[in-house]
Amino acid sequence: MSMEYYEEDVPHVLAVDDNIIDRKLIERLLKTSSCRVTVAENAIRALEYLGLKENQQQSQFNGKGAKVNMIITDYCMPGMTGYELLQKIKESSMLKDVPVVIMSSENIPNRINECLEKGAERFILKPLKLADVKMLRCQLTKC
Amino acid sequence: MDQRNQMHRHIANTRKSLFDQGYLDEQFIQLEELQDNSNPNFVEEVVTLFYRDSARFLSNLDQALEKRPLDFNKLDSLMHQFKSSSTSIGAKKVKTECTHFRNYCNARNAEGCKRTFQNVKKEYTTLRKKLEAYFQMSRQVGPIETACRSR
Chain R
196 MSMEYYEEDV PHVLAVDDNI IDRKLIERLL KTSSCRVTVA ENAIRALEYL
246 GLKENQQQSQ FNGKGAKVNM IITDYCMPGM TGYELLQKIK ESSMLKDVPV
296 VIMSSENIPN RINECLEKGA ERFILKPLKL ADVKMLRCQL TKC
Chain D
67 MDQRNQMHRH IANTRKSLFD QGYLDEQFIQ LEELQDNSNP NFVEEVVTLF
117 YRDSARFLSN LDQALEKRPL DFNKLDSLMH QFKSSSTSIG AKKVKTECTH
167 FRNYCNARNA EGCKRTFQNV KKEYTTLRKK LEAYFQMSRQ VGPIETACRS
217 R
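Respectively, the protein sequence lines represent chains R and D. All residue numbers for the first sequence refer to our numbering, where the first residue is 196 and numbers rise by one. All residue numbers for the second sequence refer to our numbering, where the first residue is 67 and numbers rise by one.
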């Protein structure tokens, strides 16, 4: 995972995607929109970064997880899916208020509803556009 | 000076024809919009990543298509990833052939899969050649000119 150091009031976004091209794209889109970005290539790494281990219960949250203002994740990933990642985040007392955005290349209404019902902030179709990311950025700073 | 202007025009025309002939779509323009002085080679970097990634996918698909019987779920899953990458760089014709392939996977049509996979490879190879030529030309006149967005 790549990390950057930035000032406090710049939103920090964790982007999760197993596709290397999409990771590069989302990172660039977020940086262009003045966000600090950390990328993770799968959900397990994302959880580790956030301070949650896969089989860990809430009480074992190690408190050493990084602070993020938003998580944006691909839906279809091998191993743990974006939906399962969303579940874990929403089940965590430490992380449940962090907005989670789901991305997918497939427009499947059931999938979209499922994610929104689980507490996803938004569901965005890939490929992401600069306009999509600017909109999300705006939401984070309530502009 | 005049020669440079001619080069610029030639590059712009080459770029335009990639869109007009359906090799690239608006997503490629999104990539170009993310290129600036702080990231002057962004488009080419992404496309180069795409070539590397594609080599892997296409090789895996080749292997998977050799198996008997065909594992259509695996084929579909592999192609889903390749289609994702193609979509992300705006590779329009490649993307279309990927979709055809996935349709044949869903229909459990082995012949269809094999046939369309040849088309996928053909479109990929064609696009790659054209993009390599385009970037090489662009490099000859300098990086700033490639950010020109006239359609």
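Simulated from the structure, these hints should not be mistaken for lab results. Among these hints, one or two may not hold up.
Computed, partial: chain R to chain D, Cβ under 7 angstroms [as the list claims (entries may be wrong)]: (1) Ile215; (2) Asp217; (3) Pro304; (4) Arg306; (5) Asn308; (6) Ile319.
Below, in silico cross-link-like pairs of lysine to any residue (SDA-like), each with a Cα-Cα straight-line distance of 25 angstroms or less [said to hold, decoys possible]: (7) R:Lys285 / R:Thr227; (8) D:Lys196 / R:Ile215; (9) R:Lys219 / D:Glu111.
C-beta: ideal position from N, C-alpha, C; glycine also.
So which hints don't hold here, by number, going up?
Structure breaks hints 3, 4, 5, 6, 7.
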